[in-house]
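Construct the complete structure from the given sequences, taking the supplied hints into account.
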Amino acid sequence: DAKTTQPDSMESTEGETVHLPCSHATISGNEYIYWYRQVPLQGPEYVTHGLQQNTTNSMAFLAIASDRKSSTLILPHVSLRDAAVYHCILRGNQGGSAKLIFGEGTKLTVSS
Amino acid sequence: GGIITQTPKFLIGQEGQKLTLKCQQNFNHDTMYWYRQDSGKGLRLIYYSITENDLQKGDLSEGYDASREKKSSFSLTVTSAQKNEMAVFLCASSHWGGFYEQYFGPGTRLTVL
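Line by line, the protein sequences are chains A and B. Take any residue in the first sequence, count from 1 to its spot, add 10: that is its number in this note's numbering. Take any residue in the second sequence, count from 1 to its spot, add 22: that is its number in this note's numbering.
Treat each hint with caution, since some may be false.
[As the list claims (entries may be wrong)] Pairwise CB distance ranges (calculated):
(1) B/E74 with A/L61: 25 to 31 Å
(2) A/H29 with B/G62: 21 to 27 Å
(3) B/E37 with A/L61: 44 to 50 Å
(4) B/T42 with A/K79: 38 to 44 Å
(5) B/E91 with A/T27: 43 to 49 Å
(6) A/Q52 with B/K92: 24 to 30 Å
[Said to hold, decoys possible] Calculated from the model, a selection of chain B residues having no Cβ within reach of chain A, i.e. all distances over 10 Å:
(7) G38
(8) K40
(9) L132
(10) V134
Simulated from the structure, these hints should not be mistaken for laboratory data. Quick reminder that beta carbons are idealized off the backbone N, C-alpha and C, glycines included.
In structure tokens:
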């Protein structure tokens, strides 16, 4: 399974727009890019996902490079509730590719 | 909407003990998963079940058994708890297919004395 690389941590201030990068140089054609976030003592929470096109929802904007070797999760106007570990994950769409392969993610700290 | 319920929330066991964790979902999802998370680490897949009566091994299946009793429930058994083991076991569910997101339960926190 292809791997992702993320910075260990990032810091921000309430109201800022945060860009969380993810590198996935060996991504294969059928792999989706998923983002989850997790706060202590809770299970991961789905944020967004995409295959090739940029996507947007109420939580975030996902920008995917044209070669798909990297992506950026953009969190507009972050609040204290957005402080979490953000995981960038690749997930296949066939057979045993059901699993999500979590790395250690990026710990986002938000200060007031 | 829906919810995933995991029982118990906290589990304390003894070395060598057989321990069972339970998971229920009311999303009507086909597929259910069990992951293990060690402190400060990412998740590792133990077992998953594509549909009722199906069982597939993940990367960490040794030392565990699983059972998909019905569509809404998926159990995980630690066959022999290891001394000083501490981990969080997370259950998730989704429709089958890589384009469907997985929803997670709150986890069962295991401590082995």
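Legend entry - Hint check against the structure, violated hint numbers in rising order: none
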